[in-house]
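J.: Keeping the supplied structure of chain A fixed, place chains B, C and D upon it in accordance with the hints.
4 protein chains.
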Amino acid sequence: MSKKLKIVTIGGGSSYTPELAEGLILRQDRLDIKEWWLVDIDAGKEKLEIVGEMARRQVKAAGLDWEVHLTTDRTLALKDADFVTTQFRVGQLDARIRDERIPSKYHSLGQETNGAGGIFKAFRTIPVILDIINDMKELCPDAWLINFTNPAGMVTEAAIKVGGWKKTIGLCNVPIGSTRMNNTAMGYDGQDVLFHKYAGLNHFHWHRVWDKDGSEVTNKLIETIYNPESDFLKDHEVKNIMLVGYNYEQLKSLGIIPCAYHRYYYMSEDMLEGTLADYEKGETRAEVVKRTEAELFELYKDPHLDYKPEQLALRGGAHYSDAACEVIASIVNDSRTVMVVSTQNNGTITDLPYDSIVEVSSVITAHGAEPFNWGSFPAGARGQLQLMKSMEELVIEAAVKGDYGKAIEAFTVNPLINSGSHMMDMLNEMLVANKDYLPQFKETIAKLEQEGVTYIPQ
Amino acid sequence: MSKKLKIVTIGGGSSYTPELAEGLILRQDRLDIKEWWLVDIDAGKEKLEIVGEMARRQVKAAGLDWEVHLTTDRTLALKDADFVTTQFRVGQLDARIRDERIPSKYHSLGQETNGAGGIFKAFRTIPVILDIINDMKELCPDAWLINFTNPAGMVTEAAIKVGGWKKTIGLCNVPIGSTRMNNTAMGYDGQDVLFHKYAGLNHFHWHRVWDKDGSEVTNKLIETIYNPESDFLKDHEVKNIMLVGYNYEQLKSLGIIPCAYHRYYYMSEDMLEGTLADYEKGETRAEVVKRTEAELFELYKDPHLDYKPEQLALRGGAHYSDAACEVIASIVNDSRTVMVVSTQNNGTITDLPYDSIVEVSSVITAHGAEPFNWGSFPAGARGQLQLMKSMEELVIEAAVKGDYGKAIEAFTVNPLINSGSHMMDMLNEMLVANKDYLPQFKETIAKLEQEGVTYIPQ
Amino acid sequence: MSKKLKIVTIGGGSSYTPELAEGLILRQDRLDIKEWWLVDIDAGKEKLEIVGEMARRQVKAAGLDWEVHLTTDRTLALKDADFVTTQFRVGQLDARIRDERIPSKYHSLGQETNGAGGIFKAFRTIPVILDIINDMKELCPDAWLINFTNPAGMVTEAAIKVGGWKKTIGLCNVPIGSTRMNNTAMGYDGQDVLFHKYAGLNHFHWHRVWDKDGSEVTNKLIETIYNPESDFLKDHEVKNIMLVGYNYEQLKSLGIIPCAYHRYYYMSEDMLEGTLADYEKGETRAEVVKRTEAELFELYKDPHLDYKPEQLALRGGAHYSDAACEVIASIVNDSRTVMVVSTQNNGTITDLPYDSIVEVSSVITAHGAEPFNWGSFPAGARGQLQLMKSMEELVIEAAVKGDYGKAIEAFTVNPLINSGSHMMDMLNEMLVANKDYLPQFKETIAKLEQEGVTYIPQ
Amino acid sequence: MSKKLKIVTIGGGSSYTPELAEGLILRQDRLDIKEWWLVDIDAGKEKLEIVGEMARRQVKAAGLDWEVHLTTDRTLALKDADFVTTQFRVGQLDARIRDERIPSKYHSLGQETNGAGGIFKAFRTIPVILDIINDMKELCPDAWLINFTNPAGMVTEAAIKVGGWKKTIGLCNVPIGSTRMNNTAMGYDGQDVLFHKYAGLNHFHWHRVWDKDGSEVTNKLIETIYNPESDFLKDHEVKNIMLVGYNYEQLKSLGIIPCAYHRYYYMSEDMLEGTLADYEKGETRAEVVKRTEAELFELYKDPHLDYKPEQLALRGGAHYSDAACEVIASIVNDSRTVMVVSTQNNGTITDLPYDSIVEVSSVITAHGAEPFNWGSFPAGARGQLQLMKSMEELVIEAAVKGDYGKAIEAFTVNPLINSGSHMMDMLNEMLVANKDYLPQFKETIAKLEQEGVTYIPQ
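Residue numbers (my numbering), protein chains in the order written: chain A, 1 to 458; chain B, 1001 to 1458; chain C, 2001 to 2458; chain D, 3001 to 3458.
Keep in mind that the hints were calculated from the coordinates and are not lab data.
Distance condition first, Cα-Cα at most 20 Å in a straight line; then the derived EDC-like pairs of lysine to aspartate or glutamate:
hint : chain 1 : residue 1 : chain 2 : residue 2
1    : C       : Lys-2447  : D       : Glu-3229
2    : B       : Lys-1212  : C       : Asp-2029
3    : A       : Lys-34    : D       : Asp-3213
4    : D       : Lys-3167  : A       : Asp-211
5    : D       : Lys-3212  : A       : Asp-334
6    : D       : Lys-3003  : A       : Asp-211
These stretches of chain C come out as covered by chain D in the derived footprint (C-beta under 8 Å, 3 or more residues):
hint : region
7    : 2264-2271
8    : 2405-2419
Glycine is no exception: its CB is placed at the ideal position from the N, C-alpha and C atoms.
Bound conformation, chain A alone (with noise of 0.2 Å):
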């Protein structure tokens, strides 16, 4: 740890932020900070600024000499750059909202990640990591990418299998919530000493959980959490997803426990009626978020304000800034830290391509992640997995190659979306509704506009 640190983060300008820095600042003894740059796009400019201050009122706060730069220059920030961390949103919230809003009027889920939106997020936000990594082939060979944008598996996929950047860590942040659910149902609240294995996709995967004894204690989690007569769930689980109970008979059949964003597969149809339900009345998780951020920044504003708000924590998505910051710690100082990450398959899980990305448990060297080898899935999970997979794929192919036909494949497969016409239509005015950030599908989105097609916002 003798090197100092420079570190940058693209989309700094992000309600995030703070806890980005919170995260940092408490892990001030293993980082040795000489340089934090947050980057941002002219239009996030007004944020950045806000945000910026923020952080540096926090770095200060904290009696560091850290210095935090403020840029929408990304070459000048990624020059010799060790940590590259990237929380952008292309098309900011708006873009969102659309995602979320056009397939429900299809009576589609948009879900931000898999689903329709999910699609369309990542047809976005991949174009812009491979540029972003191609400044760093050029400005920063040796920085470790850690990506918490989402899609976080297909962009961490793209940006490994596409782009050539072995050194990706793609991050999320539920497998730390369900980990504390699960130790507070064992009667371990605040501590970690369950052995968790998690494997599968980004918001698509599984764990197995064993107890200091040796014992496996999946089912009885399963029993503790997820029984029907149980108002444990209620209490404890995420709050940036819907809550709907699972069907019980089939956690206890399948022998693993989902994730919780496995409700949009496992019980679509009950997810589906409570998101037209916030469709109708204005309240899609995008809009709610919009005001949510809109909120935050007021606060930010306030120039005493030097630590991270509670009100964060309604945003959603808590412990992605800190899981970010614990790579990053680990890697710098060999810790072994035992985190759950996107990273190379090379056969961690034997369902599926060798070199694919998966999110599996994994311990967190200097050298990267050494994921806990997984096997194979019962069938149960396994060919749901599979077929997730191949819409990865597809999804990426069409976003690197702008590929109307790979487009409809991915439509077509996704369990989320119901093929047809139907469908053929939601596609057709989505591209139209995100014509602006999708430069790679100019002519497919000209053609349909010659044809007919227009976004209709709701």
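T.: Chains B, C and D only, in chain A's frame:
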């Protein structure tokens, strides 16, 4: 071809039997038959006699001395059999009507192979096929089992993997139809010139095609058949599936040709709409077939009719029996005919488990099916294929053990069923409605009934 | 079969050419040949003319109007070719003599395919086949490459994987011989009744056999042919391998039939002893072949000889050229003949890498080889097969890059070479001895010479 | 760590027991032992008593109240055991002497793990481990089996796959030695700083190493340790293997570090020469060990000796017992120590069968070993690894069934044995020589004796 053959047909009272008779007669030079036994259950005795007399007339008209035996005593028939063909339907067409109408009530596709209906058909059929195999082990341990009872893929997998009957071959008529259609589309009407390679699962396979000059014509066929401006499909597609066009750009991008049943997966919303419309009119496929069959049996009663009537073609499933006869003749004569059959994977499709049953182009030899190697699928087909196989495994496990949890898992991952709480209602109602045919689920059904679940015929 | 064919034979001055001529003439009804080009290098010009005139006499005697061109200008010949067959030998038979005599000095098997000699033959040959492919890319981009230059498996793998020439088929005569022998052993002399399935690598494959009644006769064949009390083998085994019996109980236990070359692996000490005895007498296989060839060329000079002389059979390698002609005729006519060829694995043998080249029973269609699926091998064959494939990969990498380290690795893992310090001496002497034919190893050889390594002919 | 432990050591009369005692005592804070049972057979009773008294003195000197029981009644010992460690040697050192001397007579390597000697050690040991497991199923169904009887990999595979005892962990001291050596080579003498990842089979594994700054130092270690100009190896390599340097360029090209035992495979001729020289002098490893052990037992008899004597280090196999104690302590305390153990593959090494036993870096938890994923090997290691695994499978099958054919197959594919007719003589003599310890081969041995095969001690 020295030994005189004994062929046994379980479900001999089926309306298909005259086609089977015709197929056997057509191959009289390659099949030296001594006895043909038609077996059915007591409830089907009347049909058995009608259709059995019809078969006798056909044999006689051909000037053959084959003995046609009719019996409801399966063990009598199986003794020393060389070939056992299975075409039975547990619960008869009324069960199929329930398979289709109950899901429709829940806005879900019944579909007698892979939808909710297909799952229940598997639940009813698999225990019976395992019973038959138990008899065969004792009575005709060297016989071939030629299965064309649907869902043919799952029934064949159960026979081989659970029943341990290696000498099982599963059959489907769909590839015969598409092979003919493709030859026609390339200008070889009535000929079999093109080289076809099929791979996948029953009712869920794709194919590639080459012309006699070595050029691959798969894309050309997609253009000829599935171009929305072409009328070709309308004139040539199989009769027992609603005619819905595919998304042309999807097929172009996929680069392999789906089977007729892929409509349920690629155009699921359109297919559902059509199915619900039929449901409203009381014209589900099962109801239509029931009427057609009643008419057929009226015809069969005619003591002067000694050839397959043209009306049978309307029944759907043309070529099924013909395929069975060709398999038998190829085995007997080591003919090495190329056919598409359900057989052990053994690595033929590398995306699927080694010990799975797959439906693939094979050479039929005296020792069984020798499949052409296929390898792996492109992403646009791979994931769904893997999902379907995992669903099949869940269905088989549920069917064999009467495992309610596995049944829920199967329903949950099935892409034609929307998961969630309504799904549970549908599953439960279907279990109760099938009470008479699911002894393995006896306890579950009793519990459901106690909880107030009832079947309300619509 | 409308287009008139242009066939090019690289290494046209080979003593095999009359057999090739005979094979083509035999298939005159299926091959509408316009031009047949025999190509050789300057050093082989005299032989080319002798054998070329011989071929012209054969064609004339058959009453055909095919043009037989002789040239040392490869590019002239390749222009617009339809088929390119390769049977060249870099360094001619003197190189093979070195390949066999140097290892003998180190008490090691030379063996022109998989032993140390075979490795050096690959080192000399692979760069040339890649050169030929480079020419073909420009001059005849749609031509088929039919390779029967040894080591045929590695040369084919280099052509397809390194050269990128997908339309390559590798050939071997060994399966033709064993198929005939097996038919004879089962009482079908001169017929092709049995169903054979071969799989493995060139000169390292096994097969299973079924009779026309469907019974597997693999064990029966082992008993008939390899029972130590039987004389069958002595009378029927291929001529160019020393006759050593197998350990009968091993084959019985293995349950699949090895190829003739497995003697080198299953009976390595005995084979080595015999080889060393030949070496002492100056009768290594290469030396014997050299004398036979000299006699053959004397015969070929006879201006009245217009048919393949019987003495050619003594040369060994019977059926090689015939196999090549059959592959060509099958491609031209989409004949779907079953042959054993080297082609892409694609999962045919699940124990080997997907992109490997394997030698397997295939149907030869107009678009190339369609292998029968094989699956996995029993342990007694699996591990050695996987070892051999890894060795082939190392050899190809060494051959392409001139990589000394990979050459050492290949020698180390080769089961016919004892690893250690003597092995290094042997490798080094062979490198120096092959100086003129290994431009890719130029620097390594220079360094070795500087260190005092010399080739001392024995 | 609430429960008081009962530990049972089968082969308790071994000269290693004092090291085991030392290892347990060293971990007294983590191991709350009530009873330690040392079990041996009648023939080993004298040794058991000597070494048992020694262990009691060690325990007493440490001021512990552990009960040390000595018995020849295995069932008495196993009752309610928590851990069973196995370090027995069927046929004692005289059997090992035969294992090494008979092969030498045939100019072949005996080698007590993977050579002909190792195969026979497996033949003698596997039936006994399966017997022990049968007792455990009844007497201590929840106990862990910690095996360090050689050949440890095959014995562990037999215990898990044939015996069905999932809670088995196999141990080897080799990785402990190389991990220490590598740390020393990088300047971390006495520390454990480097991140090691090992994978392969027992006595046939490789490793990669990373420094705490994240840089891979595998190549640097090869340069430091295996450069022929360096003396490092001479000073640090394990003591029980003859010191022969590797071909440096091979290791550089391979890019991963082999284990000490790879000398037998990479430098087989040199190792054979050394072994034969020892054989001539009556100084095979077994003979040397026998003398060392006799001296050790003289020391152990001293009623004042209550600590492990230094001479034990000369015995070879240092750290073996220590490793066993660390595994036990890690399981009891859920310590999650990183160790290299033999455990189920489950896809950890994708080149090997899923259900194989492999030796890999793992975290030792309360529920057993959780291996780090490895993935696939480069060609220079992959094929030999796969070959060795196939050989292990053949050996286990032969050992369990007494299958002579599988024994021949195992000998044939073993790369340390030259195949052929001499091999058959060697195998047959070894079978006869081991007559007293191979009940499963009783019939084969009787037949061989009838045919005149005799064991002639050399």
